[in-house]
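Chemist: Chains L and A, in that order, give the protein sequences.
Residues in the first sequence are numbered consecutively from 8, following the working numbering.
Residues in the second sequence are numbered consecutively from 715, following the working numbering.
If you're looking for bench data, these hints aren't it; they were derived computationally from the structure.
Just to be clear, a hint being listed does not mean it is correct.
Claimed, not checked - Capping the alpha-carbon separation at 27 angstroms, the derived lysine-lysine pairs in DSSO-like fashion look like this:
| hint | chain 1 | residue 1 | chain 2 | residue 2 |
| --- | --- | --- | --- | --- |
| 1 | A | 735 | A | 827 |
| 2 | L | 189 | A | 734 |
| 3 | L | 88 | A | 760 |
| 4 | A | 760 | A | 734 |
| 5 | L | 88 | A | 827 |
| 6 | L | 88 | L | 189 |
| 7 | A | 827 | A | 734 |
Claimed, not checked - Stretch-level coverage of chain L by chain A, calculated; a stretch enters the list once three of its residues show a Cβ under 8 angstroms from a Cβ in chain A:
| hint | segment |
| --- | --- |
| 8 | 97–103 |
| 9 | 145–156 |
| 10 | 161–167 |
| 11 | 193–201 |
Claimed, not checked - Computed spacing ranges between beta-carbons, pair by pair:
| hint | chain 1 | residue 1 | chain 2 | residue 2 | range |
| --- | --- | --- | --- | --- | --- |
| 12 | A | 716 | L | 203 | 54 to 62 angstroms |
| 13 | A | 799 | L | 95 | 21 to 29 angstroms |
| 14 | L | 96 | A | 828 | 45 to 53 angstroms |
| 15 | L | 177 | A | 718 | 39 to 47 angstroms |
Built from N, CA and C at the ideal position, the CB exists for glycine as well.
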Amino acid sequence: MSSLFANLPPVRDFRPPSASFNDRSGVFASAPKQDTLSDFLEQQLRLLFQYWASPHISKPQFGLRPWNLENRDFLFPLFQKIEDIAGLESGWDGTDAPEIDPQAIEHCRRALNLLSWLDSNFVSPEIVPTFSRGVQIEWHTPERSLEFEYCSNGWSILGVMLGRDPATRSYFNAEVAADPVKLVPFYRWFVNRELVWPSP
Amino acid sequence: MAFPIEEIPSESLLLLRVHKKMFLAQHNRPSSACFRHYELSTNWIKYSSVEHTRNEDSGAVVSVVSAQCIVLGQEVVHAPINEGQEFGPNQAHTHVVGEKPKEVRDQFARLVKVEWRLP
Numbered sequence: 008m009s010s011l012f013a014n015l016p017p018v019r020d021f022r023p024p025s026a027s028f029n030d031r032s033g034v035f036a037s038a039p040k041q042d043t044l045s046d047f048l049e050q051q052l053r054l055l056f057q058y059w060a061s062p063h064i065s066k067p068q069f070g071l072r073p074w075n076l077e078n079r080d081f082l083f084p085l086f087q088k089i090e091d092i093a094g095l096e097s098g099w100d101g102t103d104a105p106e107i108d109p110q111a112i113e114h115c116r117r118a119l120n121l122l123s124w125l126d127s128n129f130v131s132p133e134i135v136p137t138f139s140r141g142v143q144i145e146w147h148t149p150e151r152s153l154e155f156e157y158c159s160n161g162w163s164i165l166g167v168m169l170g171r172d173p174a175t176r177s178y179f180n181a182e183v184a185a186d187p188v189k190l191v192p193f194y195r196w197f198v199n200r201e202l203v204w205p206s207p
Numbered sequence: 715m716a717f718p719i720e721e722i723p724s725e726s727l728l729l730l731r732v733h734k735k736m737f738l739a740q741h742n743r744p745s746s747a748c749f750r751h752y753e754l755s756t757n758w759i760k761y762s763s764v765e766h767t768r769n770e771d772s773g774a775v776v777s778v779v780s781a782q783c784i785v786l787g788q789e790v791v792h793a794p795i796n797e798g799q800e801f802g803p804n805q806a807h808t809h810v811v812g813e814k815p816k817e818v819r820d821q822f823a824r825l826v827k828v829e830w831r832l833p
């Protein structure tokens with residue numbers, strides 16, 4: 008979440024309360040006092056408004072989910088699916104499929120956390136294991152497909168645009184580093200049906 | 715006695731087992747991740763069937779025509795597994811051989827036909 012504010016103007020004399028946000032469960036590890044939390048949220052909202060209002064920053068069109076910690080329940084089935092994949096043992100396909108790399112699992116969680124936080128209309132993706140110890144996150148609509156495959160040191164991305172003729176398809180590729188922020192433009196390409204494939 | 719290696723006609727159907735964690739039930743198709751292997755294992759329908767191909771972890775059994783594999787730049791090679799070999803005996807065993815970049819895997823995922831899927 009801190010990377011989302013990386014390009015925002017600095018706020019003087021601002022000190023966030025001493026609370027830590029548990030990225031996995033979506034709750035505060037220690038509850039701050041009500042008045043300091045209100046001040047903190049007010050500051051964050053003001054910064055976000057400045058960000059969204061700025062004409063100089065290209066922003067995604069999808070909505071911003073309110074920072075309501077109780078809205079994270081919809082992610083639980085997704086994270087359960089990830090846990091199931093993490094538990095696959097060597098030979099899970101009946102032959103010689105290797106077990107999944109724990110790093111791939113962790114990066115998958117981070118990516119889904121970030122994308123679900125950014126998109127108020129987040130649609131749960133399909134998540135599958137791969138034969139190269141990785142994890143693949145994918146969305147499919149009649150018009151487009153998007154795949155994020157984590158392997159080794161980063162993400163391998165495939166975008167597919169389907170034409171009116173089902174046999175007509177355009178394919179787009181990208182390779183980006185493990186930082187889940189790198190996935191945002193490609194996710195935006197998919198949900199907003201943008202015509203231009205992002206440059207990595 | 716070893717199974718003879720045969721030439722597979724272009725119109726032949728090849729059956730592929732899809733693990734239940736790799737079958738996208740909502741979309742009734744396999745994930746493209748199923749088609750990564752350079753030597754993709756399938757069963758030639760001449761010596762196999764859906765029941766013979768699936769196992770307890772299968773989410774679906776899909777089929778693809780041999781000629782379709784060749785259009786995607788692959789080679790279809792009959793590779794029977796004899797008695798005493800690992801995963802043998804299996805006279806139907808066939809490899810779909812070739813590099814499978816992400817676009818090719820996606821095309822495979824779209825053109826296969828679902829012959830059976832987990833209820």
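Chemist: All hints, please: hold or fail.
Modeler: Against the structure, the hints come out as follows:
| no. | hint | in the structure |
| --- | --- | --- |
| 1 | A:735 / A:827 | holds (18 angstroms) |
| 2 | L:189 / A:734 | violated (30 angstroms) |
| 3 | L:88 / A:760 | violated (37 angstroms) |
| 4 | A:760 / A:734 | holds (25 angstroms) |
| 5 | L:88 / A:827 | holds (26 angstroms) |
| 6 | L:88 / L:189 | holds (23 angstroms) |
| 7 | A:827 / A:734 | holds (16 angstroms) |
| 8 | 97–103 | holds (count 4) |
| 9 | 145–156 | holds (count 5) |
| 10 | 161–167 | holds (count 3) |
| 11 | 193–201 | violated (count 0) |
| 12 | A:716 / L:203: 54 to 62 angstroms | holds (56 angstroms) |
| 13 | A:799 / L:95: 21 to 29 angstroms | holds (26 angstroms) |
| 14 | L:96 / A:828: 45 to 53 angstroms | violated (27 angstroms) |
| 15 | L:177 / A:718: 39 to 47 angstroms | holds (44 angstroms) |
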